[in-house]
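Novice: In order, the protein sequence lines correspond to chains A and B.
With the working numbering applied, the first sequence corresponds to residues 28 to 278, in that order.
With the working numbering applied, the second sequence corresponds to residues 615 to 925, in that order.
Hints listed in this document are in silico derivations from the structure and should not be mistaken for laboratory results.
Accuracy of the hints is not assured; some may be wrong.
[Unchecked claim] EDC-like cross-link-like pairs, simulated, lysine to aspartate or glutamate; straight-line CA separation at most 16 Å:
#1 B:Lys730 <-> B:Glu641
#2 B:Lys730 <-> B:Glu767
#3 B:Lys887 <-> A:Asp253
#4 A:Lys226 <-> A:Asp110
#5 A:Lys132 <-> A:Glu230
#6 B:Lys887 <-> B:Glu767
#7 B:Lys730 <-> A:Asp253
#8 A:Lys132 <-> A:Asp239
#9 B:Lys730 <-> A:Glu251
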Amino acid sequence: MTYSILVPVKQVADSTARIRVRNDGSDVDLSGVKMAANPFDEIALEEAIRQREAGMAREVVVVSIGPRTAQETLRKALAIGADRAIHVLAPREIEPLAVAKVLKKIAQREAVDLVFLGKQAIDDDCNQTGQMLAEFLGWPQATFASSVRIAGGEITVVREVDDGLETLALSVPAVVSVDLRLNEPRYASLPNIMKAKNKPLAEIAVEDLGVDIAPRLTLLGVREPDVRQAGTMVRSVGELASILRLAAGRI
Amino acid sequence: MSILVIVDHTEASFQDSARRAASAAAEIGTGIHILLAGVECRQAAMQLSRISGVDAIILAENQQLDRHLAEPMVELLARLASDYSVFMAPAGTSGKNVMPRLAARLDVMQVSEVIKVVAPDTFERPIYAGSAIATVSSSDPTLVLTVRSSAFEPAALDGAAEVRQMPASIGASASRVVSVSPNMSERPDLGSARVVVSGGRALGSREAFESLILPLAERMNAAVGASRAAVDAGFVSSDCQVGQTGKIVAPDIYVACGISGAIQHLAGMKASKMIVAINRDPEAPIFAVSDYGLVADVFEAIPELTRQLQD
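Given only the sequences and the hints, what does the whole structure look like? Please build it.
Specialist: In structure tokens form, the structure reads like this:
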């Protein structure tokens with residue numbers, strides 16, 4: 028029994044981009060900012076490809092929900108090793124609750140057995156989509172995965188939790204959201220970038236899926252974080268020791 | 615507007631995070647209850663019953679709830695859906711795992727990592743790894759929230775909540791716990807410690823991390839933290855990671871040793887009351903957020919500092 032794995036990939040501002048707030052405080056300013064795949068989703072994709080290479084998966088399908096430019100991210104995912112891609116064309120950013128509803132439709136249409144995705148997107152930092160999708164599908168979930176093993180109709184996941192490591196076994200189908208240390212994603216080779224141009228990329232308009240994507244939250248504004256003033260440079264360890272001794276005495 | 619705060623008492627810092635979540639809840643409304651689910655809840659209930667502003671501690675005792683797996687927890691919480699208008703949990707790995715699944719069950723959009731209650735339906739939360747702060751308001755009839763503990767002060771301990779039991783039968787689940795390997799540190803818990811000593815890539819090896827950072831942490835009765843670079847290099851285990859993808863901490867004193875100060879690390883510690891940094895590079899970004907900085911080689915400065923603090 029080998030599985031079909033769905034990997035949702037979100038296009039986000041590149042992790043190295045400097046994010047600025049618009050002058051009117053209405054939102055962040057992403058004009059001219061380089062876009063890239065959410066790094067946690069790249070780790071999920073790498074894991075799915077490794078499972079296929081190990082003979083545990085027969086197919087890796089990537090899906091992205093977003094504007095036309097999301098297709099660049101999907102092409103890159105195909106170049107890295109996904110078998111085919113689905114672009115759900117959405118005119119504007121939709122919330123994780125709606126994203127999970129869209130992904131449920133896709134997972135059902137494509138009859139996938141597993142969903143691997145990043146634990147959070149590095150733009151909204153919500154950390155919700157995987158858990159919501161698991162609920163909508165009625166599947167078990169494992170979040171914060173740092174190791175994934177498939178065997179005998181089960182997927183065994185080591186989770187990085189606050190107090191250490193927790194190992195869960197889930198029956199398949201299941202949703203796994205991945206953490207930083209699961210793997211080191213590969214780069215696309217030039218021949219694979221060329222090959223990716225011929226891999227299938229289907230496009231669906233989000234309206235055609237019959238999902239309620241109306242926002243539930245209203246963004247009232249965005250501000251710069253409180254700035255911390257740089258303090259004093261001390262000249263010696265002795266000076267630092269007296270400061271720490273004084274501060275520690277107060278607590 | 616009744617509020618249910620879900621607390622995982624198997625976490626080392628559960629008492630501290632419960633008190634901080636209770637503060638956040640009190641800014642939203644009244645009728646605050648705390649849910650403890652799993653096994654051996656009674657002793658934890660006694661500890662939490664003194665939290666100011668909390669009316670009741672609800673116990674749901676069942677072995678299947680022990681590790682707060684999302685599926686059984688949501689089965690339990692869904693039964694309470696009509697009793698509460700706000701469901702809230704500290705934004706640790708337990709709350710982050712369970713709450714979005716609950717939000718989906720209730721068909722509401724969760725507000726993650728709240729750092730400020732602006733109004734009962736309006737909240738501030740960091741986005742882009744803390745590079746910006748968004749204010750959002752929810753139009754959902756039930757609120758599902760996770761709150762960043764470090765952003766709220768612990769509630770006082772002058773309350774007297776009643777402790778109640780609720781039925782907690784749970785159906786069969788498609789997931790099970792195979793094993794748990796807890797972090798065996800003898801140091802105070804990173805999430806709630808008042809002093810944190812953190813080490814970074816500049817330490818160069820696991821041996822150096824252990825021989826330099828641990829004695830200083832011991833001397834200061836501090837928890838041990840680390841940058842992502844130090845964790846990725848294998849100097850220390852991942853549960854010590856401070857930063858956007860690790861733990862968010864706000865101790866009274868944060869000592870950063872050989873940490874350059876990547877934005878992801880700063881996102882995890884810049885709410886600390888006092889930040890002290892030791893780094894060889896005078897241009898390191900960590901100095902821009904430090905109250906006190908020392909440009910020095912960590913291999914010389916840390917042992918010397920540990921020695922001087924002993925005197």
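Novice: Each hint needs a verdict: does it hold in this structure or not?
Specialist: Going through the hints against the structure:
Taken as a hint, the Lys730 (chain B) and Glu641 (chain B) pair is honoured in the structure, with Cα atoms around 9 Å apart against an allowance of 16 Å. Distance check on the hinted pair: Lys730 (chain B) and Glu767 (chain B) sit about 11 Å apart at the alpha-carbon level, within 16 Å; holds. Distance restraint check for Lys887 (chain B) and Asp253 (chain A): the Cα-Cα separation of roughly 13 Å lies within the 16 Å cut-off, and the hinted pair is therefore satisfied. For the hint pairing Lys226 (chain A) with Asp110 (chain A), the CA-to-CA distance comes to about 7 Å; that is within 16 Å, so the pair holds.
Between the alpha carbons of Lys132 (chain A) and Glu230 (chain A) the distance comes to roughly 14 Å, so the proposed pair stays at or under 16 Å and holds. Between Lys887 (chain B) and Glu767 (chain B), the direct Cα distance comes to roughly 12 Å. Compliance with the 16 Å bound is thereby established for this hinted pair. Straight-line distance between C-alpha atoms of Lys730 (chain B) and Asp253 (chain A) comes to about 13 Å, which keeps the hinted pair within the 16 Å bound. Simply put, Lys132 (chain A) and Asp239 (chain A) have alpha-carbon atoms about 12 Å apart, close enough for the 16 Å limit, and the pair holds.
Restraint check for Lys730 (chain B) and Glu251 (chain A): satisfied, since their Cα atoms lie roughly 14 Å apart, inside the 16 Å limit.
The structure fails none of the hints (numbered hints given earlier).
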